[in-house]
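I would like the entire structure built from these sequences, with the hints used as guidance.
Here are the chains, one letter per residue:
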Amino acid sequence: MKLLGFIIVCLTGTFLLYGTSDLPDWGDPNSPASLHLSNHYIEKAVAETEVPNLVTAVLADYRGFDTMFETAVVFTAGLACFLLLRDFKPKEDRYYRHVPTGVVLHFKDKARQLRVGTEFEAVDKDWVPSDMVIKTVCRILIPFIQIYALYVVAHGDFSPGGGFQGGVIFGSSFILLAISYNLKTLMKRVSEKFLGIFSAVGVLIYVGIGAIAMVMGGNFLDYSTLAPLLPVNPGHIRALGMLGVEIGVGIAVMAVMAIIYINIVSQGRHDEGL
Amino acid sequence: MTEIISLVVAKYNYWLYIVLMMIGLYAMIAKNNLIKKLVGMNIFQTAIILFYVSIGYKTGATIPIIKNAHGSHGAEAAVIHAAEYINPLPHVLMLTAIVVSVATFGVAMALCVRIYQRYQTLEEDELRMRLSEK
Amino acid sequence: MLWPIDLIVLTFVIVTAVAAISVRDLLGTAILFSVYSFMMCLLWAVMGAVDVAFTEASVGAGVSTVFFVAAVFSTSRRTKD
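Protein chains in written order, with this note's numbering: chain Y, 1068 to 1341; chain X, 67 to 200; chain S, 108 to 188.
Read the hints as simulated data drawn from the structure, not as lab findings. There could be a bad hint or two in this list.
Cβ-to-Cβ under 10 Å is the rule here; a few derived chain X residues that face chain S [stated by the list, open to error]:
(1) ILE129
(2) THR162
(3) SER167
(4) GLU189
Built from N, CA and C at the ideal position, the CB exists for glycine as well.
Here is the structure:
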C-alpha cells in the first residue's frame, strides 16, 4: 500500500507540475483572476458600501448568500457533533474528594449519593491539584479575550477581522475556562441549552436580516432597503447591515466551537474532561 | 540560463505548493492511523487554500483595505486604482473555506472518538480485522 | 513581498508537514500540526492576505489544535506509523 501510494502520488505530482507551465507567472498583476470581477470590487466597494475592508465587503454584502450557507454549514457541524457523541446516561462511577484530608472516595453504586458542599467536592477520575497561578491568570485573562473578540467582530469593517474570527476567539475563551478550571465549571456557567439556542440564533439573525430586507421591498440580503428602519445616514446603511450579519455569524461560530469542544473532550457525557 | 532562472522565479511557489499537496495525498493514501489520515486531509486542504490565495497576489500591491476611506462618504474619496490593491475575491472564498474546514475537522474528530469507543482502536488494519470477525 | 522570507517559511511549512505525518506520537502530531498552521498563517500574512492569516491564526493554530488534543485525550496517543 505504501509503494502503491507513493507511485500514485509521484504520477499525480508530475501531471500537476506539468500543468503549472500554463499558469500565469506568480504575482502577475495581469493574471486572468485579477482582471474581471475583482476590479469592480476594488474600485466600487467603498463608494457603494462605505466599508474600507474589501474582504468584509465582499464576504458580507456581495457574496452574502454564500456566507449565509457557510454559517449554516458550521451550525450543522455542531449539530452533527451533538448527535454523534451526546450520551445522556448518567455515569456509574463517581468520585468525591474529602477536602480536609484529601481522601478520594470512589462510588460504584448508582443509588448512593453524597452531598457536595464544603466538606466533599465532586472530582474527575484523575484528580489534579488546582494551581492558583493558572486559575488566577486565566480568570483575569478571560474577560480581556472576550472584549477583544467583541472588538474583532465590531471592527471587522475597518480592519482585518469579522464574525468568523471573533466568534472563534470568543469560543476559545470558554475553552480556556474549561481547561484552567474544569469542565463542570464551564457547564455551570454556560449551559448546554444556552449554547444550542445561541448556535441557532446566530443563523436566524443572519437569515432574519435578509428576510427583513425582503419584507421592506428589496431583494434577499439587500441591506439598502433597511434605511427607513434605522436613523442613520442612508449611505452608511450597508455597513450597518454587514455588522448585523457579522454579529449573527459570530454568535453561531462561538456556540458551535464550544459545543464541539465539550462533546469531544468529555465523549458526550459533559461531566469531566481536560 | 537566464530563461531557466526566470522560469524558476516565476513558478517555484507553485512547485512547492504541489509538493505540499502531494505530502497530504500520500498521508491520506498510505497512513494507517485514522487521525494521521485526517492530518493529511488538512494538509491537502491548506495547500489548495494556499494556491488560491497566491492567485490573488499582485506584485507591488498592498493589502485589500482601502487607504483613507474611514469617514469619507463615497464620492469624496480619492480615485482607487485596482492595480494598487491585492485581489480580495480569493481571500473571501478561502476565509470561509478555513472555517468550514475546522467544522468538518471537528465532526471528523467526533467520528474518530465514536469509532474508538466501539472498537478500541484507530488503526485501519485492526478495524478491518474487527469488522471481518463479525 | 520579499522572496527570502517566502522561501524560508515555505521550507518550514514543508518540513513541519512531513514531520507531522511521520512522527509516531499523536500528541506530537497535534503540536507539529499547530506549528504547520502557524507557519501557513505567516505565509499568508507575508502574501498580503491579512484576513485569511487572522482566520488561520485563530482557527487553524488555535481551536483546531485544541480539538485535536481533546480527541487524542479521549482516544489514544498510540500510532503504528
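Violations among the numbered hints, reported as their numbers in ascending order: Result: no hint breaks.
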